[in-house]
Amino acid sequence: MTEPNDKSRRGFLGVAAVGAAGLGVAAIAPGFHLIEVSQAGAPGAGVSNKVRWGMLIDTTKCASDCNACVKACNTENGITETVKDPRQGSQWIRKLDLKDPKSGLTHSLPMLCQHCEHPPCVDVCPTGASMKRADGIVLVDRHTCIGCRYCMLACPYKARSFVHIPLTEQNPEVPRGQGCVESCTFCVQRVDKGQIPACVEACANAEHNAMLFGDLNDPNSEIAQRVAQVKTTQVRADLKLNVGVRYQGI
Amino acid sequence: MVRLLALMAFLIMGAVASLAAHAAGVPKPMVKVEGSGQCVAATEEMRLNHMNMLGHQRDRTLRQGIRGEKASLIGCVNCHASKTTGSVLGKDGFCESCHSFAAVKVDCWQCHQPKAGHKTAGANGAAGAKQ
Ligand code: SF4
Ligand code: SF4
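Protein sequence lines correspond, in order, to chains A and B. Residue numbering for the first sequence follows the numbering used here, beginning at 1 and increasing consecutively. Residue numbering for the second sequence follows the numbering used here, beginning at 1 and increasing consecutively.
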């Protein structure tokens with residue numbers, strides 16, 4: 001659905017050559033382009049592939065003893081259930097402590113769905129439930145998910161969880177329930193209202209400011225300017241998934 | 001023979017009587033509309049088509065990110081949740097009473113919140129534990 005613009009997006013991010021960007025734009029039929037422009041921002045219009053939501057996580061600012069982002073995520077998304085086996089608990093975002101065994105250098109960072117441009121979870125899903133919105137947010141359509149958990153195996157980032165027990169305490173805006181796979185949605189219910197994800201807000205409130213959310217496609221956005229200036233890392237960049245979550249300092 | 005006729009007459013009378021009683025008090029679903037104001041469409045249309053309206057809307061919202069359409073499950077709950085239980089479920093609940101009358105299983109509430117304005121409590125930490 002979002003393929004026509006993907007090349008120009010990559011060029012913009014500096015991952016591909018500038019020439020590819022020009023080609024990508026030229027390939028779009030003029031009529032198609034016009035329709036997109038007229039739809040952008042109109043009330044009741046859907047999301048557009050002009051936007052690519054992304055996140056930049058500065059691990060040098062992330063504190064090892066803090067998990068404000070995890071708590072905020074659980075509250076926002078109604079992840080309040082207690083499971084018998086803690087390995088079965090849903091983790092849309094989790095804190096990881098990394099240590100270089102040679103130098104002893106440590107890092108702490110939040111790991112979440114990386115909202116891949118080429119998501120393996122979507123590739124393997126037999127029902128079409130795993131899907132990517134035009135603006136790059138990867139979601140599970142629970143109406144279609146059969147709980148087969150192929151996507152959990154396919155995800156290189158261990159970003160997905162399966163709900164094992166019946167739930168009753170859902171946030172009305174975040175439906176979730178037994179028998180489906182779920183993962184970080186970038187707080188799509190907030191983003192569609194013009195707000196930032198709960199984790200990013202919580203990180204700022206805890207005065208760490210290690211997380212930045214924004215439109216990677218908008219040259220004026222803070223995140224686009226930062227990824228253009230500082231060296232950022234895509235975790236497992238070798239897989240060429242062009243993830244939407246970038247890390248700084250690892 | 002006479003006895004058999006009498007028995008048949010008795011049975012027929014019984015059937016007629018129970019039919020009459022039935023017509024007077026056909027069990028009806030308890031459709032209590034507690035919210036004030038207008039529904040998004042006429043009652044007849046809602047009765048026939050609510051499932052289609054919600055089904056198409058959910059796909060547009062989830063997959064295309066189209067928000068603020070007139071059909072919305074949260075909208076249904078906010079208007080139709082019982083003032084006593086706060087929910088559209090339960091014996092007299094707006095959704096459940098009709099659906100159990102019609103014997104149509106409704107799966108929405110395995111994932112969607114049936115209570116109006118429900119606020120999720122803070123995370124309990126089990127799922128949020130640092131790993
Ligand atoms: S990080 Fe995993 S769940 Fe998220 S889009 Fe990529 S493959 Fe899918
Ligand atoms: S668990 Fe659901 S989303 Fe994941 S691959 Fe199976 S059907 Fe698709």
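What the hints contain is simulated information worked out from the structure, not anything from laboratory work. It should be emphasised that the depicted structure is a prediction, and the values quoted were computed from it without experimental measurement. Incorrect hints may have been included.
Using C-beta positions, here's what the derived DEER-type ranges look like [unchecked claim]:
1. B:M46 - A:K61: 34 to 42 Å
2. A:K61 - B:G86: 49 to 57 Å
3. B:Q38 - A:I146: 37 to 45 Å
Short, incomplete list of chain A residues facing chain B, as computed with Cβ under 8 Å [claimed, not checked]:
4. A45
5. P175
6. Q178
7. D192
8. E207
9. N209
10. A237
11. D238
When the alpha-carbon atoms are kept at most 16 Å apart in a straight line, the in silico EDC-like pairs for lysine to aspartate or glutamate are as follows [stated by the list, open to error]:
12. B:K115 - A:E173
13. A:K99 - A:D123
14. B:K115 - A:D215
15. B:K70 - B:E45
16. B:K28 - B:D107
17. B:K119 - A:D123
18. A:K50 - A:E169
19. A:K61 - A:E207
20. B:K32 - B:E96
21. A:K61 - A:E201
22. B:K119 - A:E169
23. B:K28 - B:D92
24. A:K193 - A:D215
25. A:K193 - B:E45
26. A:K240 - A:D123
The C-beta atom is built at its ideal place from N, Cα and C for all residues, glycine as well.
So, going through the hints one by one against the coordinates:
A hinted range of 34 to 42 Å for the beta carbons of B:M46 and A:K61 is inconsistent with their spacing of about 52 Å. Taking the beta carbon of each, A:K61 and B:G86 are about 42 Å apart, not inside 49 to 57 Å as hinted. Distance hint check for B:Q38 and A:I146: the Cβ-Cβ separation is about 38 Å, which falls inside the suggested range of 37 to 45 Å. For the restraint placing A:A45 at the interface with chain B, the shortest Cβ-Cβ distance is roughly 7 Å, inside the 8 Å limit, so the hint holds.
This hint holds: A:P175 has a C-beta 4 Å from the nearest C-beta of chain B, less than the 8 Å allowed. Because the closest C-beta pair between A:Q178 and chain B is about 6 Å apart, less than 8 Å, the hint holds. Among the interface hints, the one on A:D192 holds; its C-beta lies about 5 Å from the nearest C-beta in chain B, closer than the 8 Å criterion. Taking 8 Å as the C-beta cut-off, the interface hint given for A:E207 is violated, the closest approach to chain B being about 19 Å.
The interface hint given for A:N209 is broken, as the beta carbon of that residue sits about 20 Å from the closest beta carbon of chain B, more than 8 Å. Hint on A:A237 is violated. Least Cβ distance to chain B is approximately 23 Å, over the 8 Å limit. Taken as an interface hint, A:D238 does not check out: its beta carbon lies about 24 Å from the nearest beta carbon of chain B, beyond 8 Å. Distance check on the hinted pair: B:K115 and A:E173 sit about 12 Å apart at the alpha-carbon level, within 16 Å; holds.
The straight-line distance between the Cα atoms of A:K99 and A:D123 is roughly 33 Å, outside the 16 Å bound, and the hint therefore fails. Simply put, B:K115 and A:D215 have alpha-carbon atoms about 34 Å apart, too far for the 16 Å limit, and the pair is violated. Using a Cα cut-off of 16 Å, the hinted pair B:K70 and B:E45 holds, with the two alpha carbons roughly 14 Å apart. Distance hint between B:K28 and B:D107 is unfulfilled; the C-alpha atoms sit about 22 Å from each other, more than 16 Å.
Between B:K119 and A:D123, the direct Cα distance comes to roughly 35 Å. Violation of the 16 Å bound is thereby established for this hinted pair. At roughly 35 Å between alpha-carbon atoms, A:K50 and A:E169 are farther apart than 16 Å, so this suggested pair is violated. For a cut-off of 16 Å, the pair hint linking A:K61 to A:E207 stands: about 10 Å separates their Cα positions. Taking the CA atoms of B:K32 and B:E96, the gap is near 11 Å; set against the 16 Å cutoff, the hint holds.
At most 16 Å may separate the alpha-carbon atoms for a hinted pair to count; A:K61 and A:E201 meet this at roughly 15 Å. With a C-alpha separation of about 8 Å, the suggested pairing of B:K119 with A:E169 holds against the 16 Å cut-off. At roughly 11 Å between alpha-carbon atoms, B:K28 and B:D92 fall within 16 Å of each other, so this suggested pair holds. Taking the CA atoms of A:K193 and A:D215, the gap is near 14 Å; set against the 16 Å cutoff, the hint holds.
Proximity of A:K193 to B:E45 is assessed by CA-CA distance (about 30 Å); at most 16 Å being required, the pair is judged violated. A distance of roughly 14 Å separates the Cα atoms of A:K240 and A:D123; the hinted pair therefore holds under the 16 Å criterion.
Hint check: violations occur at hints 1, 2, 8, 9, 10, 11, 13, 14, 16, 17, 18, 25; the rest are consistent with the structure.
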